[in-house]
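**Student:** Since chain S is already given, all that's left is putting chains B and Z on it; use the hints.
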Amino acid sequence: MTNPHQIVGQSPLRKEGAAKVLGRAQYVDDITLPGMWYGATVRSTIPRGRISSIKLDPSFPWHEYTIVSAADIPGENTIVHLTKDHPCLATTHVNHDSEPILLLAHPDKAALPPAVAAVHIAYEVLPAIYTIEESEQQKEIIWGEDNTFKTYLMQKDRQPIPDEIWQQADFIVEGEYRTGAQEQLYIENNGVIAEYDPEAGVTVRGSMQCPFYLVHALTLVFNLPPEKCRVIQTETGGAFGGKEDFPSVIGSHAALLAMKSGHPVKICYDRAEDMAATTKRHPSRTRHRTAVSKDGKLLAGEIDFAIDGGAYATLSPVVLSRGTIHAPGPYHWPHLTVRAKAMATNIPPHGAFRGFGAPQSIFALERHMDKIAKVVGLTPEEFRRRNFLTTGDRTATGQLLSDPIDMQALLTRALKESNYHAKRAQFEKENPTRTIKRGIGFATFFHGAGFTGSGERRLASEVAIDVTPEGRPRLLVSSTEFGQGTNTILCQVAADALALPYEEVLIAQPDTAHVPNSGPTVASRTAMIVGKLVERASTQLLEKLRTEAALPTPHTAEDFKQAALRYTQQLGNLEVCVRYEAPGDIFWDDDTYSGDAYPAYAWAVYVAEVAVDTTTYTATVTDFHALQEVGRVLHPILAAGQVEGGVAQAIGYALYEKCIWQNGHLANNQMTNYIMPTSADLPPIHVHFEETPCHHGPGGAKGIGELPMDGPAPAILNAIEQATGIAFTEIPLLPEDIFERMTLTPDSGTEALNPAIAGPIFSETTA
Amino acid sequence: MRSNVTEYDLVAPTTLDAALQILADSPDPYTPIAGGTELMVALGAGRLQPRKLISLWNLEELRFIEVSGDAITIGAGSTFTDIRNHPVITEEFPLLTQAASWTGSIANQNRATIGGNIVNASPAADNPPALLAYDAELTIVSSSEERTLPYRDFHLSYKKVDLAPNELLQSITILRNFESYKTYIRKVGTRNAQAISKVAIAALARLKKGSIEDIRIGAASLREVPTRLPLTEQSLLNKRVTPETIAAARAALISESKPIDDIRSTAKYRTAIAAKLLEEFLQSL
Amino acid sequence: MTQSTLTINGHAKTIEAPPMKRLLDVLREDLHLTGAKEGCGEGECGACAILLNGDLVNSCLIPVLQAEGAEITTIEGLAIDKKLHPIQQCFLENGGAQCGICTPGMILATHHLLDKHPQPTLLQIQEGLSGNLCRCTGYMRIFNAVEAAALTGAAK
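Residue numbers (our numbering), protein chains in the order written: chain S, 1 to 767; chain B, 1001 to 1285; chain Z, 2001 to 2156.
The following block holds chain S by itself, in its conformation from the complex:
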């Protein structure tokens, strides 16, 4: 059926865009409910210890306040993600700075800070650990029996690597790579408003990605069935994963205060609290050991991948999983062993952040690939070309890549768009005599869309479409909008499938009382998985109207409206609901970690051009090209916007954003001290798309939301290696780090800087 209005592939106006530019969009802190009180959290001031006493200052008017402790929790004192190790409120012990202990509510927001200050908590301090290494050493056991949240062993063909491979390899190249934590820094802080009714149960509205995750959390905290835990997503000002698991914490807190106070309670964090207390990206350490032949073929790889999960497990097992599966990259590995572990430290628990483990392991891999190339004597480009996966190959988990892939062509195109070869030669020639050294580098990578393995089958996502009294179709999904374009693309897909104008299609606010569980809005799954369900539901709706309400074929928008009205008048409520059906061609084995890891992959090559000012040792990205194959570009402006925004965040990850903890407390928990790029810091970001349609997504779409986070950091450090001659292996890479390394003198026992590269105006090494 042809649709004269085809909107997929166009860039219609964002569904909720007018409200946003008018300043009318209602974010949670814009909302006030009648009789609403405000809530605050009393938090630990030490990273680890036993709570020896909690005293309320007797001179304080506590009768005005509602106070909630763990004793008030009707159900389980746990914030459930995957395990139940995470208390909703601490009781006898705290395991991280800023751990929630008590909750306070009061009708006057200004009355809360002095109340928090009037709670005096005494601790017996216990030794705290802050790094993966300290956790591994097990001098302190802070979680489980060995500080280990989770481990994975992923072996190609489920076999260990034969010893002969190492013995016979022409080269064995080793490297260790580290990435730091990163704060999501959504411009809207976490916030919720909760209400409690003894009959109806709990209602929480707020800033979040996954309403049904919060429903689940509330069912445990309140010992209520899901029907009595209603969650409504309000307009959300950025999330990036930082509002995937964390709303379960703040939502439970506000609901407890609402229950005990008898009033709706709003908790909105300010920036300092949000930064200090909520989840960050997992820091990582990756060790590579690679056997390579002299003609540049990968023979075998051992990858040890470790992430720091903070004090409680939260989503660490899943972050670890994705990082593990992406660790080998888009290459053919005849033999591969990945040993992965997530470790506990006394830092506020880390959680989801765009990329979710892949930026960490891909950083290590793409830096290591450049290292191997250097050792073997090939260019970074040639070495990769000799090892790319191609159509018909199997990945390290044994997944058959049946959809066409052409990394060779992608690499050729990306290098051409960025003028890579000419620039590389030019910088090589000019750098010795310039104060500002330049470099160009790239990364080649992939990102799996959707939940891992059997995840989508387990989620069993649902999508519904009903019609309004005016006869307009309305999508009912729990997928949330937080800037990435959920509302818009799902309406586009529906519009085309229903053969209606885009403007006719509505999408309901995600309210768990009215929408089915479409799964969480994460994992780059919305376009592909939920979009496909929207397409199916739309088709079913048309079928229903054709069979039962005389909808003609073809139909106009008016025909549709009339048929819908006919249906509702004669037959009652019109709604179709569809559920995800795992395609027959996806098989995954959780025990051996093998099989089809993801339904689809997007493939990419990113090229970064940098300038390193040897006066100030500041590295800046001066140009950036991002090329990716994404199946189908549903909305060119939104898709480019996703890539541009993700590249910007990844530039921050590589060069600007450092979390500085002192005694386990985030010392730079302000925007003035946590440095994200401004409009004056970013390069032009050139986005290029290719489309090889994939049957899993509507119109062939795959996922793109997280992919842009994976490539920039290693591409940037690869470029900095050309500029400075130094192979930096850790991010964030700050000017102070470049300075330290570039000014090492020969007698300090490590590689000194080659003056021929450093240039004439560089006196530290000769001083």
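Calculated from the structure, these hints are not laboratory results.
Keep in mind that the hints are not guaranteed to be accurate.
In silico negatives: residues of chain B with every beta carbon more than 10 angstroms from chain Z [unchecked claim]:
hint : residue
1    : Gly1069
2    : Ala1107
3    : Ala1121
4    : Glu1137
When the alpha-carbon atoms are kept at most 27 angstroms apart in a straight line, the in silico DSSO-like pairs for lysine-lysine are as follows [as the list claims (entries may be wrong)]:
hint : chain 1 : residue 1 : chain 2 : residue 2
5    : S       : Lys109    : S       : Lys260
6    : S       : Lys416    : S       : Lys374
7    : S       : Lys109    : B       : Lys1052
8    : S       : Lys297    : S       : Lys416
9    : S       : Lys139    : S       : Lys150
10   : Z       : Lys2082   : S       : Lys109
We put the CB at the ideal spot given by N, CA and C, even for glycine.
**Tutor:** Here is chains B and Z on its own, set in the frame of chain S:
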């Protein structure tokens, strides 16, 4: 918002005299607030100690820029936008225009005042190095007297300035003497905009027949106060720019720098980069 | 408590509030104009930006007493006769808003920029918006929106 605003009092007299009278009369000290870009941050964070404030915002006796034949006088209540927009400052005092342009953001420049920047006395403040290089003179007033003071004598120690609780900084005067000087100013921050400086150098030099006849170097974040670099200046006076004098100047700078490690940067980095900025300046002469 | 009289989007309003109450909170709480947002409370993010006597300012840093007599424009005052202001239209058409939380401040910063530089260079746009942080877009589409707005002569 961590403060209870009902606990604070703010008065806004309409003249400078009235403001000075309040400061002279009151037993509890009033803290002046001009553009508020510093104190309101403290208020929001719950750490604004003083409870009584007196507004200096937009007082016409403080917010002016006057040009005479031999000097320019900038009222302490002038905003950075006022400074950036003034043609004589742009023409003759480029160090000040540049410093003003990288003080905070445009929205902050529309409110923050040069007086506030000086009196708040952060060693990292953006404008003091330029004012020090230009040998600015301050006019300080109270209800009973007016006095002038070389700006370089204003900063006494970390965040302590030569200003009594009943006094206000009224204006900053710079002589229009710098036409023949070469200029240099560079700030190294955490990013290109809206950055607190890790280190900054503002410098002026007048050369005669290749020899440095006069040299002034102001620095941020090299000591606990904004500072000139007298030893460095001394090492360059009446010298030509040669590899030897550059090396001596660098050594002098390193000897008179005592920066700290803090959340933004390290002492080692600050010193090393300051020396490189100095060298960059000298190479440009 | 003191009384302050402000003109908000062309309408005179008298506010009774503690003199140190932040203008941002007066707008949001007393006047129910929630377009200006609190992203940081320290004048770094620009989400609270408004125009005060035509100047772009961060309203989280202004005590209401100092705004006495001022003419204030918030995002709510930008639309012209129930139609989008050209800057708003350009942001909408060019993908200049993703999550939208920075958008009111960003649009007012754009308005301020185009007032001073009706045909801004890219460098002037970067500088003009450098006090408004956006975490979603990477700024590219915002620059496009500003350039498009400049072409419509939006400064008028």
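**Student:** Decide, hint by hint, whether the structure agrees.
**Tutor:** So, going through the hints one by one against the coordinates:
no.	hint	verdict
1	Gly1069	31 angstroms, holds
2	Ala1107	5 angstroms, violated
3	Ala1121	19 angstroms, holds
4	Glu1137	29 angstroms, holds
5	Lys109(S) with Lys260(S)	17 angstroms, holds
6	Lys416(S) with Lys374(S)	22 angstroms, holds
7	Lys109(S) with Lys1052(B)	22 angstroms, holds
8	Lys297(S) with Lys416(S)	25 angstroms, holds
9	Lys139(S) with Lys150(S)	19 angstroms, holds
10	Lys2082(Z) with Lys109(S)	35 angstroms, violated
Consistency with the previously given hints fails for numbers 2 and 10, ordered from lowest to highest.
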